[in-house]
Amino acid sequence: MSYKAKFRVWRGEGGEGKLEDFTVEVNEGEVVLDIIHRLQATQAPDLAVRWNCKAGKCGSCSMEINGRPKLGCMTRMSTFTEDETITVTPMRTFPVIKDLVTDVSFNYQKAREIPSFTPPSDVKPGEYRMQQIDVERSQEFRKCIECFMCNNVCHVIRDHEENKPGFAGPRFLMRIAELDMHPYDVADRKDSAQEEHGLGYCNITKCCTEVCPEHIKITDNALIPMKERVVDRKYDPLVWLGNKIFKRSSSKS
Amino acid sequence: MEIERHEYDVVVIGAGGAGLRAAIEARQQGKRTAIVCKSLFGKAHTVMAEGGAAAAMGNVNSADNWMVHFRDTMRGGKFLNNWRMAELHAKEAPDRVWELEAWGALFDRTKDGKISQRNFGGHEYPRLAHVGDRTGLELIRTLQQRVVALQQEDEKLHGDAEAYIKVFQECTVTRLLKDGDAISGAFGYWRENGKLILFDAPAVVLATGGIGKSYVVTSNSWEYTGDGHALALLAGAKLINMEFIQFHPTGMVWPPSVRGILVTESVRGDGGVLKNSDGKRFMFDYIPEVFKDKYATTEEEGDRWYTDQANNRRPPELLPRDEVARAINSEVKAGRGSPQGGVYLDVSSRLPATEIVRRLPSMHHQFKELADVDITKEPMQVGPTCHYIMGGVEVDADTGAADVPGLFAAGEVSGGMHGSNRLGGNSLSDLLVFGRRAGAGAASYVDGLAARPKISPDSVDAAKAEALAPLERAGENPYEVHHELQRTMNELVGIIRKAEEVTEALEAVGKLKERARGVGAVGSRIYNPGWHLSLDLRNMLLVSECVAKAALLRQESRGGHTRDDFPGMSSEWRRKLLRCGLSPDGSSVTVEEKVQPSMREDLIKLFDRDELKKYITEDELADFDALVKE
Amino acid sequence: MTQTTADSPARRQRAQIKERTLRTDQWWRYPLITFIIFTAFLVYATWAIFDTSYFVSPYHAPFASPCLATSCPPESRLFGFAPFGDWYTLPPGLLILGLPAGFRFTCYYYRKAYYRGFWLSPPACGVNEPHSKYTGESRFPLILQNVHRYFFYAAIVVGLVLAIDAVKALIGNPTGLGTWILIVNAVLINLYTLSCHSCRHITAGRLNHFSKHPVRYKAWGFVSKLNAKHQELALISMFSVMGADLYVRLVAKGIINFPFA
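Protein chains in written order, with full-length UniProt numbering: chain Z, 1 to 253; chain L, 1 to 630; chain W, 1 to 261.
Each hint should be verified, as a subset may be incorrect.
Across the chosen pairs, the derived CB separations fall in these ranges [as the list claims (entries may be wrong)]:
| id | chain 1 | residue 1 | chain 2 | residue 2 | range |
| --- | --- | --- | --- | --- | --- |
| 1 | L | 279 | W | 170 | 52 to 62 Å |
| 2 | W | 206 | L | 303 | 42 to 52 Å |
| 3 | Z | 196 | L | 476 | 50 to 60 Å |
| 4 | W | 243 | Z | 16 | 53 to 63 Å |
| 5 | Z | 215 | L | 310 | 34 to 44 Å |
| 6 | W | 42 | Z | 236 | 26 to 36 Å |
| 7 | Z | 20 | L | 159 | 38 to 48 Å |
| 8 | Z | 85 | L | 511 | 38 to 48 Å |
| 9 | Z | 215 | W | 42 | 26 to 36 Å |
Here are some, though not all, of the chain L residues that point toward chain Z, as calculated from beta-carbon distances under 10 Å [as the list claims (entries may be wrong)]:
| id | residue |
| --- | --- |
| 10 | 98 |
| 11 | 114 |
| 12 | 155 |
| 13 | 192 |
| 14 | 478 |
The set of hints was computed from the structure by calculation and includes no laboratory data. C-beta: ideal position from N, C-alpha, C; glycine also.
When you get a sec, could you build the whole thing from the sequences and use the hints?
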């Protein structure tokens, strides 16, 4: 039932560090996070890992296992062979604090840059009437547990640190889509999605969708529909022509 | 070494539902508010709540109102509840839920576009506002986004988003500081770098949740180490009802790594049934006397209820949690359990696969991913898991104020609201109702202060020495002490309790306290989990002592407290609350009895005499008769 | 910065890991296969443009349909229509191929595939891309990808033409294998067109209140189902159109000449 597995875990502080080798016991039914905890309890008491619910609901234990972003608590050991060396590293896109713990404040910064839900001023609490079919799209996006693995895997910022200021990442572009599709939201989000939050950087290579532990169709249901909504606004030739004429006449007067 | 220092009006400890709601309220009342939490912002344990938030909005059944909800709550808590809290809760829950909607929450809808409500154990009508089975996530995200919205407002007004509300995440508070009797601040450390931090604040709201990490099998996360309970005790406040711990009847039992993780009650609300290894729906054998006329006695009637609730009684799978947990416990003990020591919860033979996936998406996901079990094809194995503590800081119902001036508590860390047993769904609404009240209470307390209490350098030095001590010792591994505490509590102060076993547990806890003083943490102060655990041990041990001492004293069985040697419920004990405090020398816990105040006349009149007589004494019944005659 | 955690200078740096990726699976298969398939398609399409045996009654090779020049055999013209006179001497396929090519080039699926397979941006998830700068579709030239919607409108017309060709073939030779190949191809091409993300948006995706537009909502539901298979339809229809085109040309060249061809 139980066997000894080979683990390589990235250890270090503030960016400097290396992969350290461990041999550790694995029992039936365990997940990678269990093994990290076993290392903590038996071999490396100060091994840092962020975790919380251990049931795939809080999105704390994001890490990269064999190079792929995963939740440690949702990666069953049975998905590996017994002789395989399992490499565990912190998320690569964010600065590392220690070992597997990264500084994810980028994401909180971005969350604050997205204007909040803006209901019409004349609707009071308790008066909201929405049909199920009208809330379902946004509900899918609200399943997000903010593990930030989509932002971690997105090459726009993973491979290009310099893009961070102008790109909200899949998580928060999806938040914009969620609000834009909300039946009661009255804020205009299309221009800012493109101009401020970097929707145009997305080249829909779908890595965000691939890594999403909640299986949210981020690209197909949020990012592409949002791109299409931006096209409505900005790249529709009729609208574009209208804007040109309007601008010209206003500059004349 | 210099200690980082911040000045606030209100410091909220904990960023779950109660903490965030309290902070939002304090900020909305113009107070400079800090939120301090051990995890990242938005990861609090509230995300785990699945079923929904109970609020008598009457959207699905218009016969529902606050009085019915109040009655259900009192009944569920076996009349031990603080009735004023139960009343406020039932009255205000709908407004709190609607308010969330105005902040962007998207609940599931009824046909006419209102918030849909679902059935849940102990609730007479469909009452739980929900989003699939991830209501807790919706709640925490909505409150989180509300905090962000307030910060955006402040950014526009003051140019600083964090001027009035700021989140200190991954930061642990280890001591509350006092100036004389009154709270003057809080002391703690940053988890990520071990630096110390001091909050200078006249009001502290505790919203730290529960104590589940003192048990082996628990649905609670690592954060649930009873911090708020212990901080309150150490600051001189009292804890009540600590003997009442809810064991959720359905936790996962397999694989071992996920043992204890919750299987939502909605599985049963949506048709799931409990079976033993003989394939028998055993819950029909466990309907207690007090509930006899409210639950179906045959499978046929129980099954009809799912489609016709007006003319049938509900199936006994939907009995309050304590009843179901005890029933499962007895079945397993009688040798009729599943191979891994639980019983079977089956929804696969009851609903079509597509319907299961639609109604219980995250359960389907959870079993598929964690246990490799497809719940549309095979039954789940479930067993009781330590889930919630009804007991907590004794507070004033209206303001959330504890005995100590400047100290407030809301949510799971406060006590009284749920009596001896909490109904499913009442937790999320509790967070919202009393979170708001505690935030408002703290704000008005600050307004009423003549002068800000001061922090004495001595108390800071003491707190600092205490926090750094484990790093300076090369002692025992804290994990071992923790594991032993968990085993002790699980085995000796678990679902079923006996005087001898609880006494044994108390002795063991005494010894563990001794050992905990010697634990050491190797490594640096940067994100050092061993050090963190060493500090949390103090809290878990204090709280465990409260639980065990109170459990030993209460010689009856009621709700979340079952004594093998006192199996009956006693009307005399119903009038008594057990109140834990810190002994004068601060080394241990003392417990005293306190009389529960009588229910207000208009409230007690909401009940039938026949029902009351199951719970209250002859004298009280005579008073009730006199009252009704008037 | 931000939602507070303590400041310390050490926290600005990512984990320094030299390996471009630590993935142990065969992540390079997807970009490689994409590269091979798309390259093969491009080579075939280039050859097909210059190949003149695109019509054999009643079959019309899809790559050259509709035929709009007077150089086309009269029977092959769409409703006898030939706006391009004798002066046009280039291959007639060039006139119309831009539309389906543009549709596929700007298609959200193809974009994903060739950004990965040709431009390696990124080659696979969690594998570093080789470019030092990246601006994606935020500026010229890739910002032009936003014209996808207009190619979609054109693609509807092209889909209709292929359907008409299939019907013509059915009338002319109901038992011919070529007829049925053209029919299957027309169905797949039209399904691919309908499964397009722009189509989904136009149907009802742009609305915020489905409940007020029940018919459009129904259509959206249908398109959404197809859309979930957009990648599969894109690839299958690419093979079918290539296959159908090649088949017609081989019949026209007389290479395939069995009785029910």
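Problem - Structure versus earlier hints, numbers of those that do not hold, lowest first - result: none
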